[in-house]
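K.L.:
Take a look at the letters that make up each chain.
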Amino acid sequence: GQQLNQSPQSMFIQEGEDVSMNCTSSSIFNTWLWYKQDPGEGPVLLIALYKAGELTSNGRLTAQFGITRKDSFLNISASIPSDVGIYFCAGQPLNSGGSNYKLTFGKGTLLTVNP
Amino acid sequence: EPEVTQTPSHQVTQMGQEVILRCVPISNHLYFYWYRQILGQKVEFLVSFYNNEISEKSEIFDDQFSVERPDGSNFTLKIRSTKLEDSAMYFCATKTGGYSYEQYFGPGTRLTVT
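From first to last, the protein sequence lines stand for chains A and B. Numbers given in my numbering equal positions in the first sequence, counted from 1, plus 1353. Numbers given in my numbering equal positions in the second sequence, counted from 1, plus 218.
Derived DEER-like restraints, expressed as beta-carbon distance ranges:
| id | chain 1 | residue 1 | chain 2 | residue 2 | range |
| --- | --- | --- | --- | --- | --- |
| 1 | A | Ala1431 | B | Thr223 | 32 to 40 Å |
| 2 | B | Leu257 | A | Asn1428 | 25 to 33 Å |
| 3 | B | Met233 | A | Gln1367 | 44 to 52 Å |
| 4 | A | Asn1428 | B | Thr231 | 36 to 44 Å |
| 5 | B | Lys301 | A | Leu1408 | 42 to 50 Å |
| 6 | A | Gly1393 | B | Ile238 | 15 to 23 Å |
| 7 | A | Gln1367 | B | Ser299 | 47 to 55 Å |
| 8 | A | Leu1408 | B | Thr231 | 40 to 48 Å |
| 9 | B | Gly316 | A | Asp1391 | 23 to 31 Å |
Where chain B lies over chain A, by a calculated footprint (3+ residues, C-beta under 8 Å):
| id | region |
| --- | --- |
| 10 | 1383 to 1392 |
| 11 | 1395 to 1403 |
| 12 | 1457 to 1465 |
Calculated directly from the structure, the hints in this document are not laboratory data. Just so it is clear, CB atoms sit at the ideal spot from N, CA and C, and this is done for glycine as well.
Produce the complete structure using the sequences and hints provided.
P.N.:
What follows is the structure in structure tokens.
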């Protein structure tokens, strides 16, 4: 199946710092989504991107759909302790076929924020 | 705000037993999904369900798995004869109709097979 490479695997930052993480693929994607997962809970949708070059914000979060359609990044500004969690990128490859809108997920970036 | 709900939150079962995991989708959503997440790993697609039938299933979704929406509200995943390797978090996700990839996930059911 399609592979999404997320980096870094984990990050340890101080409260107030900005964070950047990204997701890359060898395939072109129709869409990129970013989710956050807290321990023992389900993924929560943060941002959805649909067009190459699109830059979208949700509060302190900003995400971009790469021009090549093979990557996306997520930035978090002025981090706070509740930003702790695993951030997953997800999307559907252009050539996956079908119209069921299934998502392929990356392996996640574990973010730890020290107060 | 409408949410996807799942029951039970945790299910412990013995190998070979049948389990049924339940999901109540957001009310106006039309597409339904089950995903699996083995501890510490990524979320993996199992099956998609639209218009009362399976629209796609992954290699993981073998003959031991089935889904149905018996009463127009609950969406269930049945594992007929559980194996140790079925131990994982199982997430239900739903989305609206139309061109949208925005899936909303439930809190998950932790399945432990002993």
